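On the provided structure of chain A, position chain B as indicated by the hints.
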Amino acid sequence: MKQHLKNETIIDYLHGALSPQEDASVLAHIEACEVCRAEFNAEAALTEMLRSYAAQEERELPPTLKANIWSRIRAAQPSPWDRIAAWLRPAVAVPVAAAIALGAYFGTTYMTPRGAPSIEAAYYLQDHAALNSTIPFSDRSSITPVDIENGTAIDTTQQTAVNVEAASYTADATQ
Amino acid sequence: MRLSKLRPLAVLALAGALIGPAFVARAQAQDAMQLLRDAVSAYSKYSYVGQVQNVDFGTSRALAVLFRIEHRAPDLTRRWYLAPESLYGESIISNGDTSYDVDPHNNRVVVVKDDAIDDQVAEDDNFGLLLHNYRAVMGPEDNIAGRRAYSVLLVNKHNGATVMRISVDAQTKVVLEKERYAASGSVSHQMHFESISYTNALPNDLFAVPTSGYARVNGPNHGIPSADLQAVVRTAGFQALGPKYLPEGFLPIAGDVSDIKGVRTLHLLYSDGLRTVSIFENARGSAVDLDSYTVHQTSVRSHSAQYVLEGPTTLLAWAQGNLHFALVGELSRDEMVRIASSVTP
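Here the protein sequences line up with chains A and B, keeping their order.
Numbering-wise, the first sequence is residues 92 to 266 according to the numbering used here.
Numbering-wise, the second sequence is residues 1202 to 1546 according to the numbering used here.
Okay, chain A solo, but in the shape it has when bound (with noise of 0.2 Å):
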């Protein structure tokens, strides 16, 4: 091949626009030509950066479209009822009612790992005033039989002492 590539089919060739045998021919003319292959990475270089332009461009709308969108998206907002409407469909209804039923029956066991007693706050309550008794001036009087919020007697018979190895009393406390 005597004649230089057109530009034209330089550029229809980066673009993959070439029929199979045309796309063959200058491959091997490219390889085989300096002044074309020249040619050729001077085009490639352009067209990358028209792309690399473009995908900037992409990410960043200009500020206007954007404010035209929102601005569509909230005059199209549905009326109150609308969306009253739109929870009551049983496609919507019938997993929120089941994700409320399974959260009220986990809901005493916030954050406990299944498999794991949750502990009545009664407990660290009645266990905090226990601790308290060798404080001066506490309260042994307010400790009273029941919990009177409820009126129900409240179950401490699962909470049994584990001996402290090596107990030893210090009176750094009072120095």
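Hints were generated in silico from the structure; no laboratory data involved.
Nothing here was measured: the structure is a model prediction, and the numbers come from that model.
Where a beta carbon is used, it is the ideal one built from N, C-alpha and C, also for glycine.
Heads up, some of the hints might be wrong.
Partial chain B-side listing against chain A, Cβ under 10 Å, derived [what the hints assert, rightly or not]:
#1 F1328
#2 I1345
#3 R1348
#4 M1365
#5 I1454
#6 A1455
#7 H1468
#8 L1470
#9 T1477
#10 G1486
#11 A1518
Then chain B, alone, in the frame of chain A:
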């Protein structure tokens, strides 16, 4: 008399006027301290019968309890509840470190053992801690339940806040009235004798625990608390965390380990001698069941947390990795959250 002869007298009078109030103030402080010491031990010296009203003030409501008390020194006490109606007829009989909760509504007696009650060493240490962190100031004389009483204010040395006012019987030093104040200055707890009579003629029958017709149930055994907190933490069997921040004057003073529903739970108590805060933790993923309470949401650093109010006491619960925590105390909510936020590895 010549003026020159009057001069030494004038100097003495001036010195007296300047130094006198300082001596009086010091004497009053010593009187207040001695009054506190006497008040702590009066419970084990004097026997009496009377009627007591206890009120715990929450943020929006108060819980009041009225009971009749019969106390035979040193450590035998019966409290018979008169109000509210849900408690009417119930009684608690305390004999040393064991108390019997007599519940006629359910025909049962719940036996609770609390070894901490008889721990005189710990009581002495904690009284020392109180004197270290609080200034005792004599208040005006009072008349409570027909008895002349001295009042003493306990003022925090670090922040100047009055945390408690106690009124003690001028003759016996038994505490007749006590008010505890919240961080805001409002009353958070009040104990008040409506009537009291001293007597040494309290029969044994008064303190007899009923047996026939009552099922006896063992309540929680709180065990022997230890001041050796390192040993307590070792016994817990997991990598426990403690707070890096505590209000000024607070020290770790005791701890215990309990198995609650099979969950090993570490309990550490911190105090400044008057105010206390407890931290509970377990590594079994057992959360706090707050179903019986009105739950409020908050956060401890990035962790969601919940808290409930029981009179003046706040319980704050949160989870951090596999550790579940409950912080219990009478401090302000902000202070509790600050302590909780400092619990880091």
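A quick look at each hint next to the structure:
1. F1328: Hint holds; B:F1328 Cβ to chain A Cβ min 5 Å, cut 10 Å.
2. I1345: Violated, about 16 Å.
3. R1348: violated, 18 Å
4. M1365: holds, 7 Å
5. I1454: It holds, given that the least Cβ distance between B:I1454 and chain A is near 5 Å, below 10 Å.
6. A1455: Result: holds, 6 Å to nearest chain A Cβ.
7. H1468: The hint holds - B:H1468 has a Cβ within 10 Å of chain A, the shortest such distance being about 6 Å.
8. L1470: With a minimum Cβ separation of about 5 Å from chain A (threshold 10 Å), the hint on B:L1470 holds.
9. T1477: Holds, because the Cβ-Cβ distance from B:T1477 to chain A comes to roughly 6 Å (cut-off 10 Å).
10. G1486: holds, 4 Å
11. A1518: holds, 8 Å
When the structure is compared with the earlier hints, violations turn up for hints 2, 3 and for no others.
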